[in-house]
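K.L.:
Protein chains in written order, with the UniProt record's numbering: chain A, 1 to 266; chain B, 1 to 314; chain C, 1 to 313; chain D, 1 to 521; chain E, 1 to 276.
Worth flagging that the hints you see were computed from the coordinates, not collected in a lab.
Predicted model, so just to flag it, every value in this text is computed and none were measured.
Mixed in with the good hints, there may be bad ones.
Unchecked claim - EDC-like cross-link-like pairs, simulated, lysine to aspartate or glutamate; straight-line CA separation at most 20 angstroms:
no., chain 1, residue 1, chain 2, residue 2
1, B, K310, C, E264
2, A, K181, C, E264
3, A, K181, C, D131
4, A, K181, C, D173
As the list claims (entries may be wrong) - If you anchor each label on the Cβ, the simulated ranges turn out as follows:
no., chain 1, residue 1, chain 2, residue 2, range
5, E, H161, A, A82, 28 to 34 angstroms
6, E, G15, A, R133, 14 to 20 angstroms
7, A, P235, B, A3, 50 to 56 angstroms
8, E, I25, A, Q151, 35 to 41 angstroms
9, A, Q151, B, R5, 46 to 52 angstroms
10, E, P185, B, G125, 31 to 37 angstroms
11, D, L275, B, L45, 38 to 44 angstroms
12, D, A146, B, A47, 33 to 39 angstroms
13, C, H118, B, V119, 31 to 37 angstroms
14, D, R205, B, L45, 41 to 47 angstroms
15, A, R120, B, L11, 42 to 48 angstroms
16, A, P21, B, D56, 23 to 29 angstroms
17, D, A146, B, D56, 37 to 43 angstroms
All C-beta atoms in this analysis are idealised placements derived from N, C-alpha and C, irrespective of residue type, glycine included.
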Amino acid sequence: MRDPLLSIEDLVVEFRDPHRPGGVLRAVDGVSLTIAPGEILGLVGESGSGKTTLGKTILRLYEPREGRLRLKGLDITHLDEAGLRPHRRAMQMVFQDPLSSFNPRHTVGEALAVPLRLHRLCAPSDLAARVARSLEEVGLRPDFADRYPHQMSGGQLQRAAIGRALTLSPELIVADEAVSKLDVSVRAQILNLLRAVQARTGLAMVFITHDLHVARFLCHRIAVMHFGKLLEIGPTEDVFQHPQHDYTRALLGTLHAREARARTPS
Amino acid sequence: MAASRRAAVLLLTVLAGAMVVFFAMKAAPGDPALSALGENARPELVAAFRRLHNLDLPVGEQFATWISGALRGDFGRSLTLAGGVPVGQLIAGRLPVTAFIGLYALILAGVISMIVGTVAALSRGTALDTLMTSFAVLGVSMPDFWLGYVLVFFLALNLPIFPSYGFVSPSDSLPGALLSGFLPALAIAAPMAAVFSRVLRAALLEVMHRPYVQVQRSLGLSSSFVFLHTIFRNALIPYVTIIGLQVRYLLGGVVVIERVFGIPGIGSLMVDGAFGRDYPVIQACALTFLVIVLGTNLLVDLLCARLDPKARGR
Amino acid sequence: MSRLLEVRNLRVTAGPLAVVRGIDIDLDEGETLGLIGESGSGKTVACLSLLRLLPDGLRTEADVLIYKDRDIASLPEREFRPLRGRELAMVFQDPVGSFNPAKRIGWHLRTAIARAGHDGPWRERALELLDGVGIPQPAAVLERYPHQLSGGMLQRALIAMIVALKPSLIVADEPTTNLDNIVEEQILALFRDLQKRLAAGFIFITHDIGVAAQIADRIAVMYAGQIVETGPTADILAAPRHPYTRGLIATANALAARAETLAEIPGQLPALDALPPGCGFAPRCAQARPACAQPQPMRPVGPGHAMRCLLDA
Amino acid sequence: MTEASHVAGISRRGVLGAGAGLGVLAGSGWSGPALAAPGVLRAAITGYNVVNTLDPAAAALIPEFYVIWGLYNGLLKFDSQMQLVPELAESYRVTDDGALEFKLRSGVKFHDGSVLTADDVKFTLERLMDEATRSPNRSKVSALSAIEVPDPLTVRLRTAEPFAPLLTFLTNARTGTQILSRKAVQADPAGYGRKPIGTGAYRLRAWEPGQALKLSLFEDYFIPGRNRIPEIEIPLIAEESSGVTALMGKQIDLTSTAPFADIPTLERRPDIKVLKQPGLNTRFLQLNTRKPPFDDVHFRRAVSLAINRDVLVRIVLFGEGVATPALIPPSLTASYDATPKPLTTFNAERARAELAKSKYGAGTTGAILTWGSGWWKRFGEVVAAQVNQVLGTNLTVEVTEANTVFSRIRAGDYQAGTWGWLGMIDPDEYSYDLLHSSGWRNFAGYANPALDTLLIQARRELDPARRGALYKQSEHLWIEDMPVIPLFCSNVHNLLASNVTGFTQLPYSNFGDQFATMAIG
Amino acid sequence: MRRALRSRTLVVGLGLTLLTLFGVIAGPWITPFSPTEMDFIAVLTPPDMTHWLGTDSFGRDVLSRVLSGGRVSLFISLCGVGIGAVLGVAAGMTAAWRGGMFEVALMAACDLLFAFPSFVLALFMMVVLGFGLHNIIIAVALAYLPIFARLARNLTRTLMHEPFVQAARLMGQGGGRILLREILPNIFPTLLVQASVGLAFGIVMEAGLSFLGLGVQPPMPSLGVILADGREYFTRGPWVLTMTGLVVSVALLGLNLLGDALRDLTDPRLRQAAGP
């Protein structure tokens with residue numbers, strides 16, 4: 001087995017929640033898993049299962065309470081913002097709501113140029129061309145660079161968001177319900193794009209979703225989460241064919257029922 | 001648990017407020033003894049003055065004496081008024097007056113804003129709405145003390161309906177207090193009513209567009225039922241909240257208006273104290289206002305908790 | 001079965017914008033129509049307009065609007081209001097938002113029960129209703145505030161309120177979209193149960209063709225304010241005719257089959273203020289031809305099956 | 001609807017609660033002028049809201065005396081023609097050995113029930129004379145060398161030198177010689193100012209500091225009378241204009257002062273009676289001769305010459321007064337010197353010439369201390385404007401609170417201030433007190449041996465005409481040095497509601513002494 | 001209809017505000033009279049063609065004084081609100097971003113200042129610092145500091161967890177850069193609304209303090225000083241008080257309308273209840 005790109009050990013994330021006894025919500029509760037380079041790991045579970053929290057903690061957007069995060073063997077669990085900055089490039093994110101993942105006051109072109117400028121990845125004179133190329137890579141015309149987020153559709157923005165994540169040539173992308181807010185007829189476009197991008201660049205991806213169909217389509221491995229705990233993890237078809245956990249079975253049951261009825265409508 | 005925590009926070013705030021009030025005043029330039037007695041005052045008189053007002057103690061001890069006295073309602077003696085009258089006595093005599101005027105203004109503002117806000121929301125987009133909204137903006141644009149004078153000019157001097165000056169204590173005569181307090185309360189209430197009615201209008205419109213209102217209409221409930229039980233009731237939450245937030249502005253208005261109308265309340269006492277640099281009086285007044293605001297906030301929070309089940313237990 | 005609802009050429013406009021551009025709906029008693037469409041296709045607005053629940057600024061027109069042999073288009077609001085709840089009812093997408101957060105569940109049920117004209121103690125009736133929609137410990141639930149219950153529970157409670165009113169037509173607007181998979185499955189089961197228990201007609205709005213497949217007798221697919229295809233569920237799933245319907249079903253099938261790449265519908269949904277002149281789908285359609293720039297009428301393509309497209313015509 | 005009325009319910013309870021709380025708390029004090037309680041005279045003191053003490057010996061401010069006059073009596077008093085008549089004394093005479101002998105009325109009772117004796121008179125005057133009392137009016141009695149009490153109803157006063165003003169100083173005016181009860185003072189010497197015990201027609205019932213006082217009729221008052229007003233409420237209204245508003249709105253029946261600007265309007269109103277006459281006062285610019293820039297006589301003269309007093313009267317007083325060439329006001333006819341004096345007559349050219357002689361020039365800065373109520377601030381502003389215009393100086397007005405002004409001027413912590421005593425009744429008070437090197441009101445720090453001698457001579461002179469001549473002479477003497485800059489004399493006013501009768505106004509602006517004769521029609 | 005109403009609010013608000021600004025800035029060139037020079041001949045003359053708002057008790061032109069006093073009052077309010085806003089926003093944004101004890105302490109301090117009625121706080125400060133122009137500015141700033149600090153902190157906290165800010169962090173942007181570049185432009189409109197409303201209330205506060213005699217001291221004209229003078233001669237010359245107050249009301253009306261219009265125009269996601 002290859003060395004893991006990212007390894008997570010006994011990760012615990014807590015939030016303050018005055019409504020709960022003890023005043024603490026344990027959103028991620030002792031999760032351990034590894035992500036190999038170039039694999040797509042599906043993180044499935046229902047709302048409140050902690051999958052988004054886990055995804056954002058991997059990126060150190062949240063501070064883990066316990067446990068360890070290793071990026072290519074390097075412990076990044078408690079690096080501060082400055083210490084983290086050199087490693088930020090390696091890990092990017094695509095968010096659920098494409099509109100709110102762009103600053104409404106900046107054009108899409110500016111949004112794509114910032115990381116390039118910040119990490120000095122290209123000469124100022126090449127910036128425009130480089131942004132245009134990034135847009136084209138995700139299937140957008142270069143003239144979208146001058147648009148403001150509210151002037152674009154959800155699908156277009158999500159393409160731009162993927163393009164922005166790719167500018168830094170990351171090794172890992174966390175995609176958090178990246179298609180669930182999109183129109184049904186546009187979802188397939190983005191799923192195809194993600195798959196194509198992964199195939200082309202060989203990056204690893206954590207794909208967070210509640211849609212089992214989508215997870216099964218895209219992911220190499222599946223991790224099932226429930227109430228902050230990791231219930232099971234395994235190659236996609238293993239999990240789908242031979243679920244180990246009762247909860248996984250119940251979850252998959254909804255899928256099978258739907259499929260069955262779709263084939264033989266009442 | 002929550003209640004005791006709340007009480008602790010409240011007490012801490014009062015204590016911190018007392019410290020701010022006390023030490024800020026101590027930092028003010030000038031010796032209170034000399035400013036009260038004059039710079040050429042004889043040393044033994046100055047010494048006696050300092051002893052009387054505890055000024056001979058170290059500052060920390062002065063504060064301890066002051067705060068422990070304050071807890072018992074003893075705020076020391078006035079430096080200027082009637083040759084050193086106990087400040088606690090002054091405050092006790094005037095607090096009910098300020099409370100009455102403040103409450104009166106609050107009720108007036110509440111009644112006016114409920115009418116204006118509701119009418120504007122229900123007639124949204126029409127000329128009536130524009131009229132009501134304009135009145136609201138105009139109301140918040142008039143300095144309250146100026147409005148007080150204009151009201152006196154028209155409603156007390158030209159049309160002798162209300163008394164032009166002074167105040168009847170409600171303990172002497174409640175109708176008299178209501179009558180003599182009307183113009184000052186109205187002058188304070190006008191800008192408040194403007195703010196309140198805008199908030200109520202916005203809140204009503206906001207609640208009207210909530211899905212549960214649509215659900216209730218889809219069940220065929222009558223519009224008056226939906227308005228009273230759901231729209232108006234739920235709009236009261238932000239409305240009451242804003243009233244709580246605005247109480248501090250309202251009390252600010254009370255200070256000026258009391259002076260303008262010669263109402264013997266805490267506000268005019270504080271202004272007199274400010275003129276005379278009467279530190280004990282100013283400290284006590286500021287602290288009293290602090291306690292009033294905190295008390296009102298507590299009341300508003302309790303009321304909000306009654307109105308909004310989600311806010312309970314917080 | 002008798003005809004419950006007949007709608008011809010229903011149009012909803014917001015100022016100069018047409019949100020619903022002339023749709024026809026026929027519904028029999030005991031029948032369930034699945035109305036499929038993406039956000040902005042006008043499906044929700046069309047149904048809200050049937051109950052006259054549209055927000056200010058939206059105008060409804062229809063050539064024919066007949067409910068139970070009554071022309072309800074011309075009814076004044078005073079006479080229409082009693083129909084809401086008792087005859088036409090609606091389940092909304094957001095169960096949490098459907099409840100007045102300041103009132104207990106008991107208050108909501110009491111209100112519904114009173115509206116149903118029920119005599120006698122409301123409490124027993126409420127417990128009975130909650131029990132009927134599968135809510136455990138109904139007595140405790142009556143004392144709860146909405147925020148203390150899960151979305152699934154609230155959706156059940158809302159359904160219980162509607163059951164109390166025994167309406168003849170129930171519009172369900174994506175009632176499971178905001179719910180988790182397992183709960184969604186349970187609510188769908190509850191709807192199927194209701195279909196058996198109540199002799200009501202259902203209009204079930206969804207964007208998920210799989211959900212429609214489970215629950216609907218007939219399906220109508222909406223795109224850009226129009227119904228582009230309608231027919232019996234089995235026919236539509238087995239042999240979709242409109243390119244848009246075909247695209248949706250192909251995508252769903254490809255996902256389920258874990259194909260290498262998904263069948264895409266290229267392009268974006270048209271904006272309301274930039275609708276193409278003829279077929280709304282033409283700009284995204286691989287088979288579009290010049291004639292598509294003309295408005296297309298619904299064409300019958302099979303028994304009870306019609307579509308709005310030049311293909312195969 | 002239930003929710004709305006619920007809110008109202010809380011508020012209503014709140015109101016009642018506040019009312020009930022007030023009943024408990026307000027027992028100690030007074031809470032404002034009543035609207036129209038029957039049998040209550042609402043006699044407002046306007047322009048002031050500071051009353052520090054009701055001890056005549058300690059009193060300094062005019063509002064304090066306004067009240068004291070109603071609570072106490074002097075041995076003598078002024079009648080409506082400003083003639084001296086006995087009050088607590090039944091009669092008085094000069095004895096053969098030159099002593100002043102007073103026979104007291106018998107059976108006069110103090111508010112605490114004790115009976116007035118000659119011992120109380122002796123106590124009162126000795127207390128006033130005592131340095132420790134620190135009375136602002138000590139100088140009025142400092143000439144006394146002995147006080148004899150031959151019997152309980154006789155008092156003999158002896159002075160080392162003849163002391164002409166003594167009789168006027170024993171009236172119930174702004175004198176501090178109002179007779180106290182020895183018993184009451186000795187019972188609580190420190191707190192006496194808050195619990196005054198006099199022989200007057202009214203006794204103090206309640207005192208809300210800074211706000212109002214309440215008097216009630218003293219049933220055992222020694223002058224019999226019927227239908228006296230049982231209650232007097234004395235609201236203290238800081239702004240004169242508010243006093244007028246209150247009177248016009250019928251919230252008060254009488255005010256002690258009126259804004260000069262409003263007099264013409266008020267005189268035309270049928271529902272208000274305006275009493276007015278030239279007052280016993282002189283308003284002047286108090287200078288501190290120990291501090292720059294007023295330590296230079298030429299600068300002082302320049303300032304005086306730069307002020308046009310007629311304009312001052314018109315602008316500051318709206319015509320309600322007259323310009324005065326020196327300190328002694330026109331009402332004191334025997335001593336008043338009407339001849340214009342060059343140094344107190346507007347002369348821009350000469351002003352600039354004096355400025356040239358002084359060590360200060362154009363651009364000199366200085367602050368005129370004044371207070372924010374009524375016309376005093378205007379007084380300062382107009383003076384500063386005039387002087388700056390003529391001399392090119394940069395005088396500013398410093399506005400603070402009256403008590404502070406008083407303290408600071410008394411302490412010498414000032415450069416200049418608007419000043420002027422109201423209700424001084426003897427030329428000696430306008431001269432000796434203000435300008436004698438040991439005069440107690442000599443805040444200028446002025447000392448002129450020749451003037452000192454002259455003023456003492458005037459004190460000893462018992463003949464009114466010769467005494468008057470001495471004062472006229474003294475004014476020519478000090479005016480060259482200009483330790484104070486005399487400016488004008490203002491009218492005194494009282495405003496009454498038209499149904500109020502029995503108020504006799506005297507030029508020293510009396511007030512509380514009229515309560516006993518007043519009636520509300 | 002609503003759009004039209006909104007833009008009408010904007011037009012009227014902006015118009016009145018610009019008129020006010022023009023008046024106070026160009027005041028000396030608009031009226032031929034000096035705001036401080038006394039004319040002892042024309043004392044308390046009613047409004048006429050020469051003196052549009054009449055003269056005051058020293059014969060000074062009321063219009064000139066109102067324009068010049070307006071400048072003083074506006075200056076005080078602008079400086080006070082400006083200082084309060086800059087310091088408050090800086091503190092509030094930093095507190096939200098850094099969290100921890102700094103945030104707790106700052107918010108506790110804000111809560112404490114909030115518990116005093118704002119005018120009482122200002123009055124108190126005037127006693128501590130002494131009367132006068134500079135000290136009113138400090139008092140106004142102190143009254144506004146907690147408002148802006150709390151507002152900026154709450155807005156920043158809301159935006160901090162927005163995906164676009166998280167995206168910025170992932171791109172490797174530093175805290176200061178994110179606050180200035182990503183967050184500030186988005187909260188700025190809301191702060192501007194608060195500032196415009198605050199500017200209006202700052203003027204009222206100055207007027208109130210000076211009206212009582214605790215603020216700006218004569219002969220410097222400020223709106224409060226003019227109103228106080230007008231009150232003194234209200235019976236003889238009611239126009240001084242009435243007209244000055246009317247002008248103040250119109251100016252404040254402009255600011256408040258402008259604030260309303262701006263509030264409507266700002267992103268509804270950021271809308272917050274703002275006090276005066």
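K.L.:
Indicate, hint by hint, whether the structure satisfies it.
P.N.:
Taking the hints in turn, this is what the structure says about them:
1. K310(B) with E264(C): Violated, at roughly 45 angstroms.
2. K181(A) with E264(C): Measuring from Cα to Cα gives roughly 17 angstroms; hence the hint holds.
3. K181(A) with D131(C): Violated: K181(A) and D131(C) sit about 35 angstroms apart, past 20 angstroms.
4. K181(A) with D173(C): With a Cα-Cα distance of about 18 angstroms, the restraint between K181(A) and D173(C) holds, given a limit of 20 angstroms.
5. H161(E) with A82(A): 28 to 34 angstroms: 21 angstroms, violated
6. G15(E) with R133(A): 14 to 20 angstroms: 49 angstroms, violated
7. P235(A) with A3(B): 50 to 56 angstroms: About 55 angstroms separates the Cβ atoms of P235(A) and A3(B), which means 50 to 56 angstroms holds.
8. I25(E) with Q151(A): 35 to 41 angstroms: With Cβ atoms ~39 angstroms apart, the hint holds.
9. Q151(A) with R5(B): 46 to 52 angstroms: Holds, at about 49 angstroms.
10. P185(E) with G125(B): 31 to 37 angstroms: 32 angstroms, holds
11. L275(D) with L45(B): 38 to 44 angstroms: 40 angstroms, holds
12. A146(D) with A47(B): 33 to 39 angstroms: The hint (33 to 39 angstroms, Cβ to Cβ) holds, given that A146(D) and A47(B) are roughly 34 angstroms apart.
13. H118(C) with V119(B): 31 to 37 angstroms: 36 angstroms, holds
14. R205(D) with L45(B): 41 to 47 angstroms: Since the Cβ atoms of R205(D) and L45(B) sit about 31 angstroms apart, the hinted range of 41 to 47 angstroms is violated.
15. R120(A) with L11(B): 42 to 48 angstroms: Since R120(A) and L11(B) have Cβ atoms about 56 angstroms apart, the given range 42 to 48 angstroms is violated.
16. P21(A) with D56(B): 23 to 29 angstroms: 54 angstroms, violated
17. A146(D) with D56(B): 37 to 43 angstroms: 41 angstroms, holds
Checked against the numbered hints above, the structure breaks hints 1, 3, 5, 6, 14, 15, 16 and satisfies the rest.
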